[in-house]
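> Okay, here's what each chain looks like letter by letter:
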Amino acid sequence: MDGPTVAAIAFGILLLLLALRVPIGVALATVSIGGIIALRGTRPAFGVLGSLPFDFAASWSLSAVPMFLLMGSIAYHTGLTRSLYSAARLWLNSLPGGLAVASNFASAGFAAASGSSLATAAAMGRLAIPEMLAYGYDRGLATGTIAAAGTLGAFIPPSIAFVLYGWYTQQPVGTLLIAGIIPGLLTAGAYTVMIVIRCSLNPELAPRVRVRAGVAEKFAALRDVWPLPLLIMSVVGGIFSGVATATEAGAVGAMFALLIALFSGRLTLRSLHASFMEALRTTASIFFIAIGAILLTRFLAMAGVPRLMSEIVTGWHLGAVGVIVTMILVYLLLGMFLDPIGIMLLTLPVFLPMFDELNINLIWIGVLVVKMIEVGLLTPPVGLNAFVVKNIVGDTVSLNEIFSGLSWFLVCEVVIVALLIIFPALSLWLPGLMEG
Amino acid sequence: ETHLTYGSTLPAPHLAHHAALEPFFERVSDATDGAVTWEIMPGGTMGGVKEVVQMLRDNVTDSGLILDLFTRRELPVTSTVSDLITLPDDFIVYGAAANEFQLIACPECVAERSEQNIVGLAYYGPDPYRLMCRDQTRTYADLQNKKTRATGRLGVLMQEFGATTVTIPSSEVYESLQRGQADCTAASTAWLDSYNLKDVVETVIDLPMGSYFNANIMSMNAEVYHGLSESERAAINENLAGLVVDVMLAYKKEGDAGLDNAVASGVELVQPDERLLTALAAFRKGEVENTIATAEAAGVKNARKMVETYLSLVEKWRAILSEIGVDDREAFVAALNREVFSKAKF
Amino acid sequence: MLTAHKWFSRLNTVLIAVAIMACAAMMVQVSLDVISKYLFNYPIPLTLEAVASFHMVALIFLPLGLVTRERGHVGVDLFTRNLSERRLAVFDGCAGLLGVAYAAVLIWFTTSEALHKTRIGETWETAFGYVEVWPARWLVPAGCVAMALWFALLLIDDLRFAATGERSLPSARSADEAVSAS
Ligand code: NA
Ligand code: NA
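Residue numbers (my numbering), protein chains in the order written: chain A, -15 to 420; chain B, 9 to 354; chain C, 4 to 185.
What the hints contain is simulated information worked out from the structure, not anything from laboratory work.
Computed from a prediction, not measured in an experiment: that's the story for all the values here.
Even glycine gets a Cβ: it sits at the ideal position worked out from N, Cα and C.
Where hints are given, some of them may not hold.
To be verified - Residues on chain C that point at chain B, a partial pick, calculated with CB under 10 Å:
#: 1; residue: ILE38
#: 2; residue: LYS40
#: 3; residue: LEU42
#: 4; residue: PRO46
#: 5; residue: LEU51
#: 6; residue: ILE123
#: 7; residue: TRP127
#: 8; residue: THR129
#: 9; residue: PRO138
Claimed, not checked - EDC-like, lysine to aspartate or glutamate: derived pairs with alpha carbons at most 20 Å apart:
#: 10; chain 1: B; residue 1: LYS58; chain 2: C; residue 2: GLU135
#: 11; chain 1: B; residue 1: LYS261; chain 2: B; residue 2: ASP201
#: 12; chain 1: B; residue 1: LYS309; chain 2: B; residue 2: GLU123
#: 13; chain 1: B; residue 1: LYS58; chain 2: C; residue 2: GLU169
#: 14; chain 1: B; residue 1: LYS58; chain 2: C; residue 2: GLU88
#: 15; chain 1: B; residue 1: LYS58; chain 2: A; residue 2: ASP39
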């Protein structure tokens, strides 16, 4: 059997296994191992299996994910998040979906500190979702907002995704980071508009508070909100002032949350234990899935999927628009199953030569690529941001509710991607300004 | 027809792929009338730098790039000379010598790779590391206590220079120089372009501080290599010298271009002061003994003899290359074929 | 089965304790490194290596037993939502079987890899010389053993429930561990 046939069969089995409730990490690994055995024999398959789990986990850059998870869970379990949200509730009462909008912008702020979507969703999820649920927000809206707004982490600098794209394509990282800013703000803006419209049309999604608070009461509520803004500002400030790198900031943030909780008298052994347990649980289950996704990437590369794609797309003799639209569709498809790095690894070698030939600006393409791999974090069945959120909420919200909540954000993404394609200036104007 | 895979941890558009490996694969394919074709799997798709030896041994890929600094204990003998990384004052000389050493002068190395089910076919060295700083660091005195990103023996060298060595992954170099988590970095001048360091760096000290000359650009799974027909193997072997020369000349070109572009965009190229030169010379002297001691501690017998052999080959190639000049591709290829590839038994 | 549950839970407790220590050590060590680097120009040696090669591996693999016990692996329940509890248990049992198989294969090959790396004494090169990292290789099979045991135990419980309608194990999450928003 040739590679593509094996890959097609493997995908069929994968979908079947997922439908039968097999854990995603197990399903991805099973078909990948089976596929590699079918293509190259047992020795390569078991060789990969022996070394990949450790080599993937033993990563400094990824350490920001568990540390930001820990920061978020400490802030939640010690009650640092509560007062901010009760104040936000009073202040944003007049805005439909006020808390969701606030969480959306808080994520944008946090994204300025964190280079990773997963870390952003992890940290903000713990801070925001329980509060939104406590105020009766629709479960899909609350979780979808955080999972989607987490992707701002990759657009507002710093951004691991842009750094990796820059490395894989040998494009200047600084220019790419600047290029991501406006698309990131555009995304935050589009999400806001969508949330406000949905909540105005259907107020049940985000119940407003009955009691009308006076001005004095509103200001009184501000007295206790300081811990969370202090935490976020010190993480962001620590990075901008050159004290800590984006990776180190995770650990520093967790430490800082611990200290704030300690000095404000809110730290108990019980809350500390709960925070650590939660960070561990979420880290382990997310990375377990990621290992499966990377196994799948290796299998697809062995199956010659990149070569097949390249033959097909080259054979079509598409123009610039055709290639870009094809790329978007390929990313949408692969994004359903793979992690961001895997998608870039499989597709960039295929598409880069075509873009080169068609003289398409690779900075602009970088923005589209990052946008699409971020969309992949939100699409079922394998959507890592949705899984981060799922781990945070436990059994209170089902995965289906999260994905259906996310579908509204995906509608926004269709508009955003269309705008990014139609108006390249959205991506290229700011870097052009920078270079004079 | 044989379709082979090449696993690389370098990004797809990397010069090692388009300027050296792809032309090499094409020459082999032509010489075999299309019977042997290759496909590069770039960016670490098939495994990271630490997995490469195992990846080749288990035939996850058929061929690949081994940077044995990351897999010291998998290949302790082959990587003996790798600790001399800070020595190269001329990376092309050291790279050429690495081929003769690995393929001919060091039978223990050949045997070790063979035990790992791997055939090492060609070696190279990339362009050298230089010091680059975000501020006006120009001298040894300026460098004191500067947070400098460097790894391995280069990191030790930075400490020797009085700088503070910090460990930051290459993906964060740009950000950390921009914001000051690092003041300086030891880096290839090609990074000025590829990581855009020219935007965040003010000075480059024009002092080559070494090059990783023991990079095995072409290694193959032994069963796959020996499974090819005799004429197919000959087609590979006859084109290896061209591969070695192409990759090193491409590095030279790209490194020079990176520096030129940087200078054009306002980065200052600073000549090293006397104290830097003496400190580097003193450090290099100690590195030979250190390399021998490290290898012996890892259980390598004859480490001293191996290091001395390699260094004598460096002088041999220094003489050869000063005669033909590095820019004469054909003469360089002929010399490598005459001295190394026509004699090597793979 | 309750005895197995008790002993497997104890195993989890031990592994989680190590993982918590790794997580705490990571937070403390990186923070100290940042402070010391900023204030005294003195980075704490080997911070990156300790975090990457040990702490990260510990906190990713050691909790896998706990995640499995709590049925915390993410799965898709879109197509099986309307099934009865006992029908679901059949599906979960089959999924558990695959889980046991995957975990067993992982244990086998990551153990042989750990053995190999131990034998050669795997090192990473740093600015402070070569550091031995091979002990961390054993964290992978250690976590996978706990995962395999829990997959197996839950699988038996699921199949039993499917057949008889009775469970013999206590429910997945105890009250104090529940993370549901209150
Ligand atoms: Na960011
Ligand atoms: Na997805």
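> Determine for every hint whether it applies to the structure shown.
Structure-based check of all given hints:
1. ILE38: 13 Å, violated
2. LYS40: Holds. Min distance 7 Å.
3. LEU42: Nearest chain B Cβ about 12 Å off; hint violated.
4. PRO46: PRO46 of chain C check passes; min Cβ-Cβ to chain B is 5 Å, inside 10 Å.
5. LEU51: 4 Å, holds
6. ILE123: Cβ of ILE123 of chain C sits 4 Å from chain B, so the hint holds.
7. TRP127: 8 Å, holds
8. THR129: Holds: closest Cβ of chain B sits about 7 Å from THR129 of chain C, inside 10 Å.
9. PRO138: At about 14 Å, which exceeds the 10 Å cut-off, the nearest Cβ of chain B leaves the hint on PRO138 of chain C violated.
10. B:LYS58 with C:GLU135: Judged against 20 Å, a Cα distance of about 14 Å means the pair holds.
11. B:LYS261 with B:ASP201: 13 Å, holds
12. B:LYS309 with B:GLU123: 17 Å, holds
13. B:LYS58 with C:GLU169: Status violated; Cα separation ~49 Å.
14. B:LYS58 with C:GLU88: Between LYS58 of chain B and GLU88 of chain C the Cα gap is close to 46 Å, so the pair fails against 20 Å, i.e. violated.
15. B:LYS58 with A:ASP39: 8 Å, holds
In this structure, the hints that do not hold are numbers 1, 3, 9, 13, 14, in rising order.
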